[in-house]
Amino acid sequence: MVAKKDFVIRLAGEGGQGMVTASEALAAAAAQVGYHVMTFVTFPSQIMGGPTWSQCRISTTPALSNGDELDVLVAFNEDGFNTHKGELRDGGIIIYDSAVFEIGAEEQKTLNSVALPYQELGKSTGNPRAANMVILGAIAEFVNWPEQYLSDFNVRRFTRGRPNDKEVVDANEMGLQLGKTASQESGFSLGELAKPEPPDYEQILIKGNDSLSAGAIAGDVELFVGYPISPATTILTFMEANLKGEGKFVYQSSSEIESITAISGGAFAGKRSMTSTAGPGFSLMSEGLGMAWMMELPLVVVDAQRGGPATGLPTKTEQSDLYMAMHPAHGDAQLPVIAPGTVEECFYAAMHALNWAERYQGPVIVLSDHMLTERTQNIKKPDPHLIPIERRDFYKGSDDDYLRYEGDSVTAMPIPGGPGAYVANASEHDGIGDTTHLPQRHVDGTDRRFNKLKTLEDSLYESRNTHHSIAVMPWGGQKGPTHEAYEKLMEDGIDVAWYYTMFLSPLNPKLIAELQKKDLVIVPELNYLGQFSSILRQHRINAESITQYTGLPFKVNHLVDEITNIVKNQSNSKTKAGV
Amino acid sequence: MTKRNPEYDFKWCPGCGDFGVKRAIELTVKDRTEQLNIAMEDNVIVAGIGCSGNLVHLTDGPQPFGFHGIHGRTLPVAFGVKSANPKLQVLVVAGDGDFLSIGAEHIGPQAKRNLDITCVIMDNGVYGLTKGQSSPTTQLGVVTSTTPGGKIEEELKPFPLYLSLGVSFVASAFSSKPKEMASMIRQAMDYKGFSIVHIQSPCTTYNDTYDVLRGNVKKGIDPLTYELPEDYDPTDLQSAFDIVTKPGIPLGVLYAEGNPKPLNARFDSLERDKDNSDIFDLLNGFAIK
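As you go down the protein sequences, you meet chains L and C in turn.
The end of the first sequence is residue 608 by my numbering, with every number in the run present.
The end of the second sequence is residue 291 by my numbering, with every number in the run present.
Isolated chain C (complex conformation) (with noise of 0.2 Å):
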């Protein structure tokens, strides 16, 4: 598809960290699409519910296919597509609401099966298309519409959680930081293995977080968001967990298995294909014997 519909009329609102993360995600798959010799069609783009999601209807140019599912299955969906055809480049798109929430459970089997997909997460520490309530990601005391006393639970940290899990590859981004985090979408679609793409993504409407990341020098924030060191190993798994369970937000690649075995890899090592389920010596083997 390549026309944008009339009838389609949902807009992010001015400054959503969204828009950045979509033009990335286009930038990486036309690039990928050109240099890896794939066709566009090849591409899958799995989106979850919430604002986020609807970045599968707000694609210009030439589309790759889309599937906009139910609230919280992203993965489970990108887990029967990819395993229809391993040729496929399934992207999965979702928010912390319906990647955390509601779709937490599904993490760790795709990372244990590593599932060789890349999923984009714009957190954005809130539910922001049903209008503003508290998420797994929302911090501690803030108050949103179903928390109008202050959130009385911690936030969920999603780094430990994906490490612990066993995602192979865990990249932390900022929208408010394209070209970097471009590049780390392109690394986790290169990447042979189940790889997040965790980004910082925030909402002006209902939790504007640009001066708690970026920091604001004449409000006297400091910043949560910082660099990784330069010699920072990303194959070293302990590394990363000490860094994740520091205060405060490292962005790049956190951690990426060196040697990734894929699910689709590991199904071909069984050799199923060699035998061909006949269905005529199947029945025969139930003759009254």
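Chain L extracted, bound-state conformation (with noise of 0.2 Å):
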């Protein structure tokens, strides 16, 4: 039998239930023995209760998206049961909680299902916790896992100095035993898990916030306002817990008016400064964007886009903030954004996003989303070193005459307690930064504040097979499901070229002119209205969206029908034209 590479597990039933946890401890696990892992948690918007679901994509190469189809649902309760068993490839298995329901006996002759009342399981170890265990003891049987990956993680994870440590891992070890018995006795396989290839690197296993926020500090932000809104609230509590020392200022903003205003300040007083924000409150910061730009102060603004517009999907995926990004505020401005794709994209976005703010001063925009942000995975440890810290051409002169704004790009930027002393004007303004409306000011001001963006230009971006006339160029959160369909369409001998990069404004000039050399570059986005290929159509390149708005991730074998289509579409129609 041939060996699988990958399978994924899905646990489905009430927030409270355990399934985030369970699954968290099934990557771990794996991750502990080489594996590569990769989840996705999707909450409802309240603290207990509501339908919930996680799951666990466990890989011998890196995962890079969440697997269309499960191996093995977790059903624990009737509704997670139902809303999701579609979602099982033929042969895969249902765990369910057969002390909370029953499966129809109808049901029971076409599913392969395994009746693992777990909690009652759990708790005739002695230990109630022991539940999920016995749902990992299952699942590990289920792809022939030599026993010990799990039993060695149960002794690493719970030993820990505590009183109860022996009883928690004997209780976890039965659970365990008992979880691979009930899948024994049934008798079902999904085959063999092929072994793990331990990457010669070294790795970490973190959260896509964890990973932004880690970033964010080794590129020595200094200043971090922010206000709780999902899924950006767990940067503002890395922050609280981690940012600290000589001259570092953390604290829980009243609005987020107050967080673009507050850093805004502490730009002007010369820290790097930073908050973090979803699509509603970052909303609420269009105005003072359009201030931090006016005034030319350096700051990022990470924005963790989730389904909108208003309140919309507050736990749900979407690619729907991008135009805002670039645009968030009334007038003529056009603010650089970084779109992380990946978690260990996440840290480096991060570091040049603070970068890049100091150097052409101004607003720089992180656009994260949902999944990312929660998703755990294991990564190659970043590395700080790769990306120097780049500072703000701080003014060293003495003169209290100097000109603050006077130049046609990026000049030196006087601090308060130093000399040269100016006002950052919300209104235009001249030199040392006095109201004016005179209209060459405003050609002026305007012409400088486009131009620095010049210094910015020089961002990477990866390209393959770049000989195709039609390109696939995802951006953010769903560079992983385009990736994995890129593979199969290479395998299928659907021919096209493959672009990408976090740096979507400005785009490196010399990428767009590759870009516009092709027929047709597709661009897979979360969204209705194809934001990032309308942007791309503006600089005249070629460029149509597939777009979803269901507030889930792409699923990879939709993208490669799609991709497939449009190819096949694009030459029928060159046949016919007779080229």
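What the hints contain is simulated information worked out from the structure, not anything from laboratory work.
From a predicted model like this one, the values you see are computed outputs, not experimental measurements.
There could be a bad hint or two in this list.
Said to hold, decoys possible - The calculated lysine to aspartate or glutamate pairs, modelled on EDC-like cross-linking and capped at a C-alpha distance of 20 Å, are:
{"no.": "1", "chain 1": "L", "residue 1": "K138", "chain 2": "L", "residue 2": "E107"}
{"no.": "2", "chain 1": "C", "residue 1": "K291", "chain 2": "L", "residue 2": "E176"}
{"no.": "3", "chain 1": "L", "residue 1": "K425", "chain 2": "C", "residue 2": "D235"}
{"no.": "4", "chain 1": "L", "residue 1": "K273", "chain 2": "C", "residue 2": "D270"}
{"no.": "5", "chain 1": "C", "residue 1": "K291", "chain 2": "L", "residue 2": "D199"}
{"no.": "6", "chain 1": "C", "residue 1": "K291", "chain 2": "L", "residue 2": "D194"}
{"no.": "7", "chain 1": "C", "residue 1": "K32", "chain 2": "L", "residue 2": "D194"}
{"no.": "8", "chain 1": "C", "residue 1": "K291", "chain 2": "L", "residue 2": "E202"}
{"no.": "9", "chain 1": "L", "residue 1": "K273", "chain 2": "C", "residue 2": "D44"}
{"no.": "10", "chain 1": "L", "residue 1": "K273", "chain 2": "C", "residue 2": "E273"}
Dock chain to chain to rebuild the complex, using the hints, since each chain is given by itself in its own frame.
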């Protein structure tokens, strides 16, 4: 039998039942042994209860997406069973809590179902918390995992120097055995998961938001103010826990309007300043972002996109804030935007964003998305040394009549407490910052503010098989599923080029020039308006989106089908035209 | 910056109360700078939108830094400036519209944090710069361009509001009494906590309240303003609440909380500067285990 290269488990039930903990534990155990893991979590917008599910993909090669179809569905309640049973692949297995509900006789015939009263079994070990271990033991058996993996994980994870360690570990081990036995008795099997091939580089297991926050700390963020909002709150709490030291300031703000205006004040006073929010909070920052653009204040705002508009879908994923990230404010303003596509990129995106802000002296947006924020993945341990820290051009002269805003690009910035006092003015202003409405001043000011963006045009991008005339170009969190689809397309003989960058604005002119030569650039994106392809078309690139706005990420097979169709239609119409 | 840019063409109207306020601020900043050995460049004026905010472009002589931001947001900007560098002397200048209409939401949080800044509020009961609309402190019944039938709202009472929100230092001044006003601004700036000097600064064009405020014997108008009694104790919060809920506008330091602990002291007491965010330790904390 050919060993499987990966398997996908989904745990579905009601919030508070432990699905997230179980999938995180499974991911941690698998990662410990050297597998590649990726988890995806979706919550309802309430504290207790409501439908919740989490998915864990375990693979022998780096996981690019959450996995289209499930090998195992663990249903904690009937609702979880009914909602998700359609996602099981042929031959997939359902483990359900038979103490809570039963599966109808008809379905029992067609589905591979395993009755596992895991809560009761957990209690029978003496520690009700061992219930999760019962589930993990069952799952491990279905893919023929050596017992060691989870037993070792159990010992390492739960030996915490507490008096009841042995009890907990023993109860968990019993749970694992109970789960394993139940699986064996079912007679089902998913085959065998191939042995792990641990990479030779050092790794960490981390969530998207934590990776981003750590990147900001690596980038020497100094002042962070933020307001709680899903799914960005964990950035604020990470900073509260970890942004410490001389001259560092972290505080919970009273609103997003306070967030953007406070970090503007912090930037004015010389600090590397940052905040984080999601769509609704980002909307509140509109005016403040325009102010930071106008005043030329270096700062970073993270927008963790979620279903919109308005309150939208607070705990679902979407990529519909791109227009707004580039043009959050009224008037002629175009903000730099960096959209990381993977958990690893989240770290470097934060470092780059802080540098960009300091280099061009203005606000920079980091666009994450719900899926990335909540995704746990093993990644190569990031190396802060890869990106040297750039600091703004501080004014070092001693002229009290220095003109802060005179010049057609970036100029040195005086800081309160030092010479060169000026007025940072939200109105159009002259060299020192006093208000003006003279026509030439507005031309000079506008030209200068846009000219500064040229300092950011040297960004990196990926490209593969560039000789093909049709290209696929995802952005943000859909990089992974699109990459996985791309590999399949290559295998299927569908010849397309690959382009990707996290530096969405300004785009590197070299990249634009390459894309302009393509017959078609296909952009898979999670929004209705096809925002990124529309922006590419502004650059006279022939781009078109594959859109989806379900609140869920793309399925790999869907992308393969869609792209294949587009490529075939394209070549058909060429043939018809006698090209 | 020391030179006045001839391009800047804004002027206050003759008789505007803000002239007096500007003068008082200039003198106070200059005196403090000399007496307390602070550099002029350690001062930051955060200005709101309105005639009053334009003060930041009109100051004469050696200048502090200025931040002329968007409408209603002087306080959160000042929060960011002061928290970034607690050594800076931060002064907010705003009008009744900027501070008490769109900006009101920010007073409470800064008061509770006891942010160590001073707010100089020029209250003229109208939106002057935009040519005469009703403001929160416009009196009931007054006709303005947006209340052509007379305002049907009671005016907002700033002093009870400030005290209820926990502002540690509240002073009431009148632009026609420059010495007392300057003294209050000085006390406020020296005070180690969140301080507001709320100044009646009439708009001669759209809401000339000079007679109403200081009285007019010939016209038989009694003054609305009055001096605080000699024995008034500004450290007594209850007296402050009593006096501001009575008719009239008392002038003087209404309240000065005796033992203020400003935000930077509170933040420092968390001793976050003792640790250091070491990125390598942080990353190691995520090692697979």
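Results for each hint:
In summary, the hint linking K138 (chain L) to E107 (chain L) is supported, as the alpha carbons are separated by about 17 Å, within the 20 Å threshold. Under the criterion of a C-alpha separation no larger than 20 Å, the hint pairing K291 (chain C) with E176 (chain L) is consistent with the structure, at around 17 Å. Between the alpha carbons of K425 (chain L) and D235 (chain C) the distance comes to roughly 49 Å, so the proposed pair goes past 20 Å and is violated. With a CA separation close to 11 Å, the supplied pair K273 (chain L) and D270 (chain C) stays within the 20 Å bound.
Between the alpha carbons of K291 (chain C) and D199 (chain L) the distance comes to roughly 19 Å, so the proposed pair stays at or under 20 Å and holds. In summary, the hint linking K291 (chain C) to D194 (chain L) is supported, as the alpha carbons are separated by about 17 Å, within the 20 Å threshold. Under the criterion of a C-alpha separation no larger than 20 Å, the hint pairing K32 (chain C) with D194 (chain L) is inconsistent with the structure, at around 67 Å. For the hint pairing K291 (chain C) with E202 (chain L), the CA-to-CA distance comes to about 18 Å; that is within 20 Å, so the pair holds.
The hinted pair formed by K273 (chain L) and D44 (chain C) fails the criterion: a straight-line CA distance of about 25 Å is larger than 20 Å. A C-alpha spacing of about 9 Å is found between K273 (chain L) and E273 (chain C), which places the hinted pair at or below 20 Å, so the restraint holds.
Consistency note: the structure conflicts with the earlier hints numbered 3, 7, 9.
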